Amino acid sequence: MDKVKVLVVDDHPMMRGGIIALLDKVENFEVCCEATNGEEAIKCVESSVPNVVLMDINMDGRIDIDTTRTIKERWPAVKVIAFSMHQEVQVIRKMLKAGASGYILKSASHQDMIKGINAVVNGNSYFDQDVLDIMTQSITADEDELPDDVALSNREREVLFYVAKEYTNQEIADTIDISLRTVETHKRNLIKKLRVKNVVGLVRYALDNGPVMDLPGT
Numbered sequence: 010m011d012k013v014k015v016l017v018v019d020d021h022p023m024m025r026g027g028i029i030a031l032l033d034k035v036e037n038f039e040v041c042c043e044a045t046n047g048e049e050a051i052k053c054v055e056s057s058v059p060n061v062v063l064m065d066i067n068m069d070g071r072i073d074i075d076t077t078r079t080i081k082e083r084w085p086a087v088k089v090i091a092f093s094m095h096q097e098v099q100v101i102r103k104m105l106k107a108g109a110s111g112y113i114l115k116s117a118s119h120q121d122m123i124k125g126i127n128a129v130v131n132g133n134s135y136f137d138q139d140v141l142d143i144m145t146q147s148i149t150a151d152e153d154e155l156p157d158d159v160a161l162s163n164r165e166r167e168v169l170f171y172v173a174k175e176y177t178n179q180e181i182a183d184t185i186d187i188s189l190r191t192v193e194t195h196k197r198n199l200i201k202k203l204r205v206k207n208v209v210g211l212v213r214y215a216l217d218n219g220p221v222m223d224l225p226g227t
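For what it's worth, the working numbering labels the leading residue of the sequence shown as 10, then goes sequentially.
Just so you know, these hints were derived from the structure itself, not from any lab.
These numbers come from a predicted model, not from an experiment.
Any given hint could be a false lead.
Stated by the list, open to error - Derived lysine-lysine pairs resembling DSSO-like cross-links, with alpha carbons at most 27 Å apart:
{"#": "1", "residue 1": "81", "residue 2": "103"}
{"#": "2", "residue 1": "124", "residue 2": "174"}
{"#": "3", "residue 1": "174", "residue 2": "206"}
All chains should be built: construct the whole structure from the sequences, respecting the hints.
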């Protein structure tokens, strides 16, 4: 099995070195390059084409969203995980819109980082528990309305709610008492109705459309 190539981007030498030391201990990971800013990160992606970029957001004294956007535009197959101290939901939303597949706080555990890398390589999204809590609070507080051209059933809204909370298909089925096949059908229908490409797109949509995520009857 080929190793997962990871690019580590962080402007703090000690933090970057600690991450690299951790990832070097994981058998199927290979740190293929390291960068201290967005410009270096883009050069690293160009030269080594990693599977995953672990991307610090605050570099050179500013929040950098553009580097993620550039990487995803030029190398769509490369996965980006935001790795940051920033807990503001606006920053999380901007990174997801730029193309990030996950968001992990620097206060999260090492296991979260490893789980996140494995998750996005397999085509899934990943958020540590604190980020999930922030997203959920934002979803329930947001007063945006569902666009007029999209109509979701109560059951579809339930499934979308739990998708955004990163429940597995089986967990969704058990929680709302429907079959696994029905969950999969609802997810396919949601992807088609909301005009997104995959489950990551559903999560991004949910972040931008709060009341869609209020459970029916609440």
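Cross-check of the supplied hints:
1. 81 x 103: holds, 13 Å
2. 124 x 174: Between residue 124 and residue 174 the Cα gap is close to 16 Å, so the pair holds against 27 Å.
3. 174 x 206: The given pair, whose Cα atoms are some 18 Å apart, holds under the 27 Å limit.
Going through the hint list in order, the structure satisfies each hint without exception.
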